[in-house]
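There are 2 protein chains.
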Amino acid sequence: MADSYVKVLGTWASPFVMRVTVALHLKSVDYEYIEENLLESKSDLLLKSNPVHKKVPVFIHGDKPVCESLIIVQYIDEVWSSSSSPSILHSDPYERADSRFWAAYVDDKFFPALRRVLFSTTEEAAKEATAEVLEGVVVLEEAFKKLSKGKAFFGGDNLGYVDLAVGCLLAWIKVIEELTEAKVLSEAKTPSLVAWADCFSSHAAVKDVFPDVDKLADFGMKFKAKALNAAAAATID
Amino acid sequence: MADSYVKVLGTWASPFVMRVTVALHLKSVDYEYIEENLLESKSDLLLKSNPVHKKVPVFIHGDKPVCESLIIVQYIDEVWSSSSSPSILHSDPYERADSRFWAAYVDDKFFPALRRVLFSTTEEAAKEATAEVLEGVVVLEEAFKKLSKGKAFFGGDNLGYVDLAVGCLLAWIKVIEELTEAKVLSEAKTPSLVAWADCFSSHAAVKDVFPDVDKLADFGMKFKAKALNAAAAATID
Chain A
7 MADSYVKVLG TWASPFVMRV TVALHLKSVD YEYIEENLLE SKSDLLLKSN PVHKKVPVFI
67 HGDKPVCESL IIVQYIDEVW SSSSSPSILH SDPYERADSR FWAAYVDDKF FPALRRVLFS
127 TTEEAAKEAT AEVLEGVVVL EEAFKKLSKG KAFFGGDNLG YVDLAVGCLL AWIKVIEELT
187 EAKVLSEAKT PSLVAWADCF SSHAAVKDVF PDVDKLADFG MKFKAKALNA AAAATID
Chain B
7 MADSYVKVLG TWASPFVMRV TVALHLKSVD YEYIEENLLE SKSDLLLKSN PVHKKVPVFI
67 HGDKPVCESL IIVQYIDEVW SSSSSPSILH SDPYERADSR FWAAYVDDKF FPALRRVLFS
127 TTEEAAKEAT AEVLEGVVVL EEAFKKLSKG KAFFGGDNLG YVDLAVGCLL AWIKVIEELT
187 EAKVLSEAKT PSLVAWADCF SSHAAVKDVF PDVDKLADFG MKFKAKALNA AAAATID
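These protein sequence lines map, in sequence, to chains A and B. The first sequence begins at 7 in my numbering and counts up by one. The second sequence begins at 7 in my numbering and counts up by one.
Extracted from the complex, chain A is given alone in its bound form (with noise of 0.2 Å):
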């Protein structure tokens, strides 16, 4: 059926994009993958859909377009809600808005926070961002504990909106830990986690598009010193 036809614009490197993905693996949705080089030039379909942002993930049914990562995810849960695999969100009101609270607070907080580690361009910079990070590590796991009631996510027995939320993010986690001396996940401080993070990567809709860290370390360099490149030379300026 046309209108149902499912495609995702995304780059590899995007916990955003892979957030989607998972998503629609968990739903039993088949869809065509299209890679963007964002470093190069944005494609005319990424531009046409998302002229707003002109952002990766784009996920285009038939031939509408729904941008904002955690909106496509909401909008795959609604849409496919008849689907034999659970929902993402629960269905009780009160734990959707808890969902959608810590899922805000990745992305609001605890993100740019993640971000900033690698991208900054001062080590002071970086260091009050890994700071930042290693306090919000703490804030997650004593939300894990809340929501997850004792069971293997946050989601509860199923992996769901605030396991996409946080788990999309552990590869870049896990670089982190390789590029620099913080170690962001432990079993002294958030055990909880490192228990929630196997159970995540190992997962059946995850394991296939959980990206290679050494692949991703890599660009995550490459793209650091491109920034401080640009910083560099605008001192020049």
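Hints are supplied without guarantee of correctness; some may be wrong.
Identical chains share a label here; the pair holds if one copy fits it or two copies do between them.
Lysine-lysine pairs mimicking DSS-like chemistry, simulated, CA-CA at most 30 Å apart [said to hold, decoys possible]:
#1 K155 x K232
#2 K228 x K115
#3 K221 x K70
#4 K70 x K60
#5 K180 x K195
#6 K33 x K228
#7 K60 x K115
#8 K232 x K151
#9 K195 x K54
#10 K133 x K155
#11 K230 x K152
#12 K70 x K155
#13 K60 x K155
#14 K157 x K133
#15 K13 x K155
#16 K189 x K228
#17 K48 x K115
#18 K213 x K70
#19 K180 x K133
#20 K151 x K60
#21 K155 x K189
#22 K115 x K133
#23 K155 x K221
#24 K152 x K60
#25 K195 x K60
It should be emphasised that the hints constitute simulated quantities derived from the structure, not laboratory data.
Given the coordinates of chain A, work out where chain B should sit on it, guided by the hints.
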């Protein structure tokens, strides 16, 4: 019923708090409003209910707190779904996604620029922010034409999610027009939004909580003076 008792912790000048009170009016839900004085000290109830962000609005339903204005609005819409008033979000998943996209645009792009017009510590930064706001309203004018389908509101015939997201910023837009030379909404560039702003601010659910623009401008100027003093102090330290 004790578990359905509703409290809102807010502050009168916050557009985010207004989103929540208007949503409650739309659903005809009784609530207790508790004014927080964020410039003095935050209440224990606020700190206990929103320990992560320590911000208003906080919505307390029975003994359960919900934080973040757009998450609260969705919670209200889901809990009071059988109310005789129309849904705040459409039932169609694509229209819901589109509404969420534009509400996120307001919070992630438009509001930060609006805030910087008032609270930037340099004239250059304020000028840049004003240009961003003027671009933003043109983007929102186009979004209005698409979403409203010729009707009075972003939500169509009824005041909906995007109306709440944008509309509760209207009083602050008027403050900017009072304090600066910028004409943010105009018949020339945003005729649909000019007409919509009248519909929004005179709506039964809105008119009693639409803040007094002069009082808000006075608050804005004091807040700005405080920001400028803080910046001046920072250059001395």
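Against the structure, the hints:
no.	hint	verdict
1	K155 x K232	neither (43 Å within a copy, 45 Å between copies)
2	K228 x K115	both (25 Å within a copy, 28 Å between copies)
3	K221 x K70	neither (33 Å within a copy, 44 Å between copies)
4	K70 x K60	within (16 Å within a copy, 38 Å between copies)
5	K180 x K195	within (16 Å within a copy, 49 Å between copies)
6	K33 x K228	neither (35 Å within a copy, 52 Å between copies)
7	K60 x K115	both (22 Å within a copy, 14 Å between copies)
8	K232 x K151	neither (39 Å within a copy, 41 Å between copies)
9	K195 x K54	between (45 Å within a copy, 23 Å between copies)
10	K133 x K155	neither (34 Å within a copy, 50 Å between copies)
11	K230 x K152	neither (36 Å within a copy, 40 Å between copies)
12	K70 x K155	between (38 Å within a copy, 17 Å between copies)
13	K60 x K155	between (39 Å within a copy, 25 Å between copies)
14	K157 x K133	neither (34 Å within a copy, 52 Å between copies)
15	K13 x K155	between (35 Å within a copy, 27 Å between copies)
16	K189 x K228	within (22 Å within a copy, 44 Å between copies)
17	K48 x K115	both (28 Å within a copy, 21 Å between copies)
18	K213 x K70	within (29 Å within a copy, 36 Å between copies)
19	K180 x K133	within (17 Å within a copy, 41 Å between copies)
20	K151 x K60	between (37 Å within a copy, 21 Å between copies)
21	K155 x K189	within (26 Å within a copy, 52 Å between copies)
22	K115 x K133	both (16 Å within a copy, 27 Å between copies)
23	K155 x K221	neither (35 Å within a copy, 47 Å between copies)
24	K152 x K60	between (36 Å within a copy, 19 Å between copies)
25	K195 x K60	between (38 Å within a copy, 24 Å between copies)
Hint violations for this structure: numbers 1, 3, 6, 8, 10, 11, 14 and 23, all remaining hints satisfied.
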